[in-house]
Structures are given as structure tokens and as C-alpha cells.
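Engineer: This is what each chain is made of:
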Amino acid sequence: MLSLRMAIRNLLRNRWRSGLAAGGIAVATAMLIWNLGFIDGFLDMMVRGATDVETGHLQIQDERYVEQPATMDYFEWNDEVRQTVEATPGVLAVTPRIRLFGLVGHEERSHIGRIIGIDPVTEPQVTVMDRGIVDGRWLDESMPETGPAEVVIGIGLSRTLRVGVGDELVVIAEAVDGSMGDGLLEIVGIVQTGNSRIDRQAALLHMEEAEFIAAMEGAVHEAVVAIEDPPDAPDTARAVQQRLNAAGYDHLRVRPWQEVEPALHQMLLYTNTANFVIFAIIFFIVALGVLNALRMSARERYREFGVMMAVGMSRAKMFSLIVIEGFLLGVVGAALGAGLGAAITGYHSVRGLDLSGFVDGDATYMGVSFADRIHFVISAETLLLPTLGLVMVSVVCALWPALSATRLVPRDAMSGRD
Amino acid sequence: MTDDMKIEDPAGDRALIEVRDVHRIFHDGAVEVHALRGVDLDVEAGEFSVLAGPSGSGKTTLLNVIGCLDRPTKGTVHIGGIEVSDFDRKKAAEFRLRNIGFVFQAYNLIPVLSAYENAEFVMLLEGIDREERKKTVEGLLSEVGLEGMFDRRPHELSGGQQQRVAVVRALAGHPMVVLADEPTANLDSKASEDLLDLMYGLNQEHDVTFLFSSHDPAVIERCSRVIRLDSGEVVADERKGEE
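Protein chains in written order, with my numbering: chain Z, 1 to 418; chain P, 1 to 243.
Simulated from the structure, these hints should not be mistaken for lab results. Don't take every hint at face value.
Unchecked claim - 16 Å max Cα-Cα, derived EDC-like pairs, lysine to aspartate or glutamate:
id, chain 1, residue 1, chain 2, residue 2
1, Z, LYS317, P, GLU126
2, P, LYS6, P, GLU94
3, P, LYS74, P, GLU126
4, P, LYS74, P, GLU233
5, Z, LYS317, Z, GLU304
6, Z, LYS317, P, GLU94
Claimed, not checked - Just some of the chain Z residues that point at chain P, by a computed CB distance under 10 Å:
id, residue
7, LEU2
8, LEU4
9, MET6
10, LEU12
11, ARG13
12, VAL91
13, GLU304
14, VAL307
15, MET308
16, GLY312
17, SER314
18, VAL409
19, PRO410
20, ARG411
Positions of the beta carbon are idealized from the N, C-alpha and C atoms, including for glycine.
Start from the sequences and build out the full structure, keeping to the hints where you can.
Structural biologist: This is the structure:
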């Protein structure tokens, strides 16, 4: 209690100096929280742009397809496989896909397209492609009984082909038997997802139509899985893999999104490293200010320290007195900064930060469009990491003056010779 | 001495403070300064004594050596029968805390603590409980005429009042000996006189040994024993009333 009382009063002795040091910690804390919120928001946008729109959290493919994607490397999609996947803890939903590459044409225009056969009912349980409809509608639950099959295409592809809802498209793709399959489709919807692979190239059609074009029946190229906890995708992938192996489907490979999108995963790792470097630089700058304040404060009191040690204060108590001052300075500064940082970051998490002045509307990065407005992510980690980190910095900065004080010789300190 | 280094039987058949052939040599670059040259001294419990002498005579150095603030280059110091001259820093600090009270020339109160908190500082370090601290400190502060000033910070007190707080701080831990280094040097004549009256009264009433270092004639006049030093040697040892 004595040390705490003295530490508080000592900090209040030179309010300007303590205030400036605490202010520096506060600004740094707020800045780091804001920066983390921004980075996390950006990464969240990137990950969601990839996983929520197309990749999903897990993908199941034949091991040959993983090595080298080819139309003929499909696997049988049956109830046993579906139920095995769905029964794995942590799995929310699973949807099958047929993936074909071919030409998508309208009258005199054609373009390379990703022709994706989907289940219109289960696909929205795994991805958010259906929410990206900007014109027309999503695929009907079942194929039309008469007339051309339905197709939803990406907005970029619609612009390239100069087509809209109601127009007809022809798709041509390689079938599993080596022949060329084709289909006549009617555009029922235009989708804009922010994922350039979908927006610029995708033609989404019913599984049955894709089976017809590719001459494959009851088989798919991939199953995409949504899980409860995306960061833990590797663990869930292992669990699904074990169950499939046990059921005799060991030719199937289950991959988490981190493996399916290695560039994205690497970017997350690099970003974490970059964050670490930014933290280290800011911590170092703050440390210089705090160290200066604490060391000056301690040096001015060497005579007092000499007296306190002369009357019997132990070196441990002397050490703790100065460390407590550093701790208090850190706590006050970091708490103020946490409040400020939480308020600004919270605001940007709700309202978003308008980046329209800096972002080219068509710009994409790793297949994901930049949004005009980034919504920050604020979490316990976002708040605690900078806050606790800077309290630690302040405590560490107090160690040097504290150690110096314990080495004082009372006789010399009292006479001003130290 | 108990485990916590508190002297229980201050003297027994020995003097409270025994200084034997103490030398203290300081090194200032290549120059050796002999601050003390073979000092021998006994101080009995309950004495009110002064180390007198001109500046540079070794008064403060001898007081520091006796107070475990410095170690002799040669020789021994025993307090309460315990050799303190070979204590390391930790033991010396613990011994000072339990057995020695200090009054310094420049008052040396802790500016961020009130008069009351300064006075109880040593007791807090000793781990004495709140009730006992309150009883002792309030009693002593009142005894030295500082009632009503408990909450004042040092800068709100006069020099004489600050020195009284310092005296209370020195006495609050119930030490065997109070070492006072030029305690009146920063005080006017009236304040010096009052402080000496006070310390003499405490010496008589609480049976605490006082050892001053001073060249102030007023201090020398009031002390019952005057140990004169010159060039690091005891040159005279006068006990008043002994002709």
C-alpha cells in the first residue's frame, strides 16, 4: 500500500511529464487498436470474399483432382458421403459442385467461362453467392420442365458478353468422355459477389444440366463445406478426413480453406508478421518516451532514495516502488488509449471507413474486390494486445531506473554524489 | 539479537557502541584520503553525546560507519554486541531499520508523504500494525508539538517543524540509538534550541541513546559528552561533570 500510495503521488509530482508519457502511451494504444481493427477488417473482408463466396471453409475432392484439376477426376456423390460429412462435429452444411471450363457465348461474342453446376438449395447454406443477385433472381429449386435450362452469370461476364436477364447463352465444355458437351441456357440472374473469379467468369447452373453437358451422372468434382469456426478449419478437415477414410472413401481429400487458398493464407501470415514489426516499432518509440520520463523522475529523487535506504528500506522495496510507477503510468495511459481506440474502432466497425476516394471500383486483390467501405473488426484480442503490450512496455522501461536506484549507496545518494 | 535483527539487550556488560581501531580511506583517483585513522570509542546506552570537530575532521564519516551506512577500511564496530562492520548491504539495511534512527542535516523528509506518513515510514517498513503505528506516531508528533499538522506535506512546514518530524521518524521504530548528523545546521537559533530541548527530553524520557555530529556550539553545550575529532582521530573525550 505504501509503495502504491507513493508511486501515485510521485507520478503526480510532475504532472506535465507524467501526463505526456501517459498521453504517448494512450495515443500509441489507440493507434494500434485502430490499426489492428483495420487490418482485421481488411483480412476478414479478404477471407470472407474468398471463403464465403466460393471456396467455402473445406473442400472435398478426389485426390487426382487436387493434384491436377481435370474434368474426368470426379467422385461419386451419394448419401453416404454427404451424411458422413454432415455428421462430423463442427460441420454446418455441405454442397456439391461440378466444375467445367469452357466457352460461354451469346450471338457473336464468347468468353472463357467457369461453368459451375450447383445445387440451388444447398449452395446458399454454404456460400453467399445467392445474396449477390443484382438483377433477376437466383436459380429455381428445380430445372424447368420445358425450354432452356436456367443460368446465373457474373456481372463482369454479362458486361463482356453484353447480355442481361432473359438472354440466351450457349456453353461448350469438355465432357468426361473427351467429347465436347454443350447446352442452351437462359439467363435468370446477374450476380455481383466481390469475388472476381465469380463475377468475371462464372456461369452457375443446375447440377442436372452440368451433368448433362459433362456426360457424368451422380458424380461431382467437389463438395464444399461450411463449418462453425473457420479459423479451426484444419482441425475440422482432419476430422472429416478420418470419417471418410473410415467409411472407405480414402481416395477423397479434405482440405481446409487455408490449403485451398494458400496465397490468402500466406498473406494472413505475412500480415501477422508485418503487424508484429509495426508493434515492435511503436513499442520501441513509446518505450523511449516512457524510459525518459521514468529515468528523469528517478534521477531527480536519488537523494530521497538514499534517505529511504538509509532508514532501512530494502532494495526490493525500492525496486518495486519504481516498477509500480511504471506500471501505473502504463495502466493509466493504456486504459485511456484503450477507451479512445475502442470508441473509434467501434465506430468504424459499425459505420465502416469510407475508402472510395482511394479505391478503384474494379480493383481486386487475390480475386476479391476492394469494398468502398471497410468494416473494422473489434475483438478482445484487438483491444487487449496493444493495451497489455504497452503496460508491459512501461513496466519494462521502469526496470532500468529501478535497478539503478537499488544500486545507489545511501551515503553517496544523500550527499548528491550519485 | 532476534532473528529480525532487533537488539533486545542493548548493552549487557559491554558498551552499546564499540568502535575499535577504525580506519576509513577514500580513494579520489590516485589520491588516498584518510578520513578516519584508528578511532577507538565506546558509547554507553542512554548517552547524549556529540562528535565535534571542524569540517573534514571525520565526524560524518564516523557517524556513517557507526550507522552501517559505510564500512570501515579497517577495524570493527559492534552495536549491542553485534559486529556490524562486516555487514553486507542487505544486512546493514535490515539492522538500520530495526535499531538505528537517523536525523539528517537537510531534514530529508519524503516530499510526497505527509508529516504523519513520514513519521510512520520506518514503522511501515518494519511491518508494524496500523493500530500500533497510529498510537506511537500520534503520541510522538503531539509530544514534539506538531498536533494539528499531521496532514501537512514537508513544504508546508517550517525547517524546525520538518526536523521535528524527522526526529519522530527516527524514534518511531523504537531504535536503540539515534544518529543525528548536523541536525541544527539549517535551523535558526531559536529552532535549534527548541530541537535540542526536545531531543534531550526524549533522551531522558525514552532512554534513547543520541549521538550527534556537529560543530554547532549549541549542540556541544547541551551534550553530556563531547568527543572531539581532528584529521580523523579522536583528540579529546570530555564528559561533563567529570573534572
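Engineer: It remains to establish, for every hint, whether it holds in the given structure.
Structural biologist: Consistency of the hints with the structure:
A hinted pair counts as satisfied when its Cα atoms are at most 16 Å apart, and LYS317/Z with GLU126/P qualifies at roughly 12 Å. With a C-alpha separation of about 9 Å, the suggested pair LYS6/P and GLU94/P falls inside the 16 Å cut-off, and the hint holds. At most 16 Å may separate the alpha-carbon atoms for a hinted pair to count; LYS74/P and GLU126/P exceed this at roughly 31 Å. As the CA atoms of LYS74/P and GLU233/P are separated by approximately 14 Å, the hinted pair is consistent with the 16 Å bound.
Of the supplied pair hints, the one linking LYS317/Z and GLU304/Z holds, its CA atoms being roughly 14 Å apart against a limit of 16 Å. Taking the CA atoms of LYS317/Z and GLU94/P, the gap is about 12 Å. The hint holds against a cut of 16 Å. Annotation: interface hint on LEU2/Z holds; nearest CB of chain P at approximately 5 Å, less than 10 Å. Nearest Cβ of chain P to the Cβ of LEU4/Z: about 12 Å, over the 10 Å cut. The hint is violated.
Hint status for MET6/Z relative to chain P: holds, with the closest Cβ pair at about 6 Å, below 10 Å. A least Cβ separation of about 8 Å between LEU12/Z and chain P falls short of the 10 Å threshold, and the interface hint therefore holds. A hinted interface residue such as ARG13/Z counts as satisfied when its beta carbon comes closer than 10 Å to some beta carbon of chain P; here the least separation is about 6 Å, so the hint holds. Because the smallest distance between the Cβ of VAL91/Z and any Cβ of chain P comes to about 61 Å, over 10 Å, the interface hint for this residue is violated.
A distance limit of 10 Å between C-beta atoms decides the matter here; for GLU304/Z the minimum to chain P is near 6 Å, and the interface restraint holds. A hinted interface residue such as VAL307/Z counts as satisfied when its beta carbon comes closer than 10 Å to some beta carbon of chain P; here the least separation is about 4 Å, so the hint holds. Annotation: MET308/Z was flagged as interfacial toward chain P, and the flag holds, the nearest CB pair being 7 Å apart, inside 10 Å. Hint on GLY312/Z holds. Least Cβ distance to chain P is approximately 2 Å, under the 10 Å limit.
Because the smallest distance between the Cβ of SER314/Z and any Cβ of chain P comes to about 6 Å, under 10 Å, the interface hint for this residue holds. Against a cut-off of 10 Å between C-beta atoms, the interface hint on VAL409/Z holds, since the closest Cβ of chain P lies about 8 Å away. Because the beta carbon of PRO410/Z sits about 5 Å from the nearest beta carbon in chain P, less than 10 Å, this interface hint is met. Of the supplied interface hints, the one on ARG411/Z holds, with its beta-carbon coming within about 5 Å of a beta-carbon of chain P, less than 10 Å.
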